[in-house]
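S.K.: Sequence:
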Amino acid sequence: MIRLLIYAALLTFFADMLRKAWMVRADSLVLPIAAAVIVFLVLTVRRCRFLYRRLRRNRIAFIRPRGEFPPQRKHDVR
Numbered sequence: 006m007i008r009l010l011i012y013a014a015l016l017t018f019f020a021d022m023l024r025k026a027w028m029v030r031a032d033s034l035v036l037p038i039a040a041a042v043i044v045f046l047v048l049t050v051r052r053c054r055f056l057y058r059r060l061r062r063n064r065i066a067f068i069r070p071r072g073e074f075p076p077q078r079k080h081d082v083r
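If you're matching positions, the sequence shown starts at 6 in the numbering used here and goes up one per residue.
Keep in mind that the hints were calculated from the coordinates and are not lab data.
In this text, a Cβ means the ideal position worked out from N, Cα and C, and glycines have one as well.
Treat the hints loosely; a few may be bogus.
Stated by the list, open to error - Distance windows between CB atoms, simulated: (1) Cys53 with Pro76: 15 to 25 Å; (2) Ala13 with Gln77: 24 to 34 Å; (3) Pro76 with Arg51: 37 to 47 Å; (4) Ala14 with Lys79: 52 to 62 Å; (5) Leu36 with Arg61: 50 to 60 Å; (6) Lys79 with Ala13: 52 to 62 Å; (7) Leu15 with Lys79: 18 to 28 Å; (8) Leu10 with Gln77: 40 to 50 Å; (9) Val29 with Arg58: 33 to 43 Å.
Modelling step: build the complete structure from the supplied sequences, incorporating the hints.
M.R.: Encoded structure:
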């Protein structure tokens with residue numbers, strides 16, 4: 006969770022820098038800052054998906070079937 010907060014903070018910081026560089030037409034800074042923004046955006050989305058999957062998996066770990074368990078197939082013993 007801390008990693009997600011750090012990625013989001015860095016994404017916000019670099020996105021603001023990108024906006025300011027775009028406004029003052031600092032073309033030599035726009036591409037490197039845009040690359041950093043894309044990297045932090047990807048890291049943030051990957052971490053969010055990981056944490057969401059982990060939370061969902063723990064909520065529905067096992068669902069007991071109604072009644073009794075279905076019969077299992079008999080395997081040939083050779």
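S.K.: Run every hint past the structure and note whether it holds.
M.R.: Each hint, compared with the structure:
At about 42 Å, the CB distance of Cys53 to Pro76 disagrees with the hint of 15 to 25 Å. Checked against the hint of 24 to 34 Å, the C-beta distance between Ala13 and Gln77 comes to roughly 48 Å, which is inconsistent with it. Under the hint 37 to 47 Å, the C-beta atoms of Pro76 and Arg51, about 42 Å apart, fit the expected range. Look at Ala14 against Lys79: about 59 Å separates their beta carbons, and that is inside 52 to 62 Å.
Leu36 and Arg61 have their C-beta atoms about 37 Å apart, which leaves the hinted 50 to 60 Å range violated. Between Lys79 and Ala13, the C-beta spacing of about 55 Å keeps the proposed range 52 to 62 Å intact. Judged by the Cβ atoms, the range 18 to 28 Å given for Leu15 and Lys79 is violated: they are separated by roughly 58 Å. Leu10 and Gln77 have their C-beta atoms about 47 Å apart, which keeps the hinted 40 to 50 Å range intact.
Distance hint for Val29 and Arg58: a CB-CB separation of about 41 Å, consistent with the stated range 33 to 43 Å.
Hint check: violations occur at hints 1, 2, 5 and 7; the rest are consistent with the structure.
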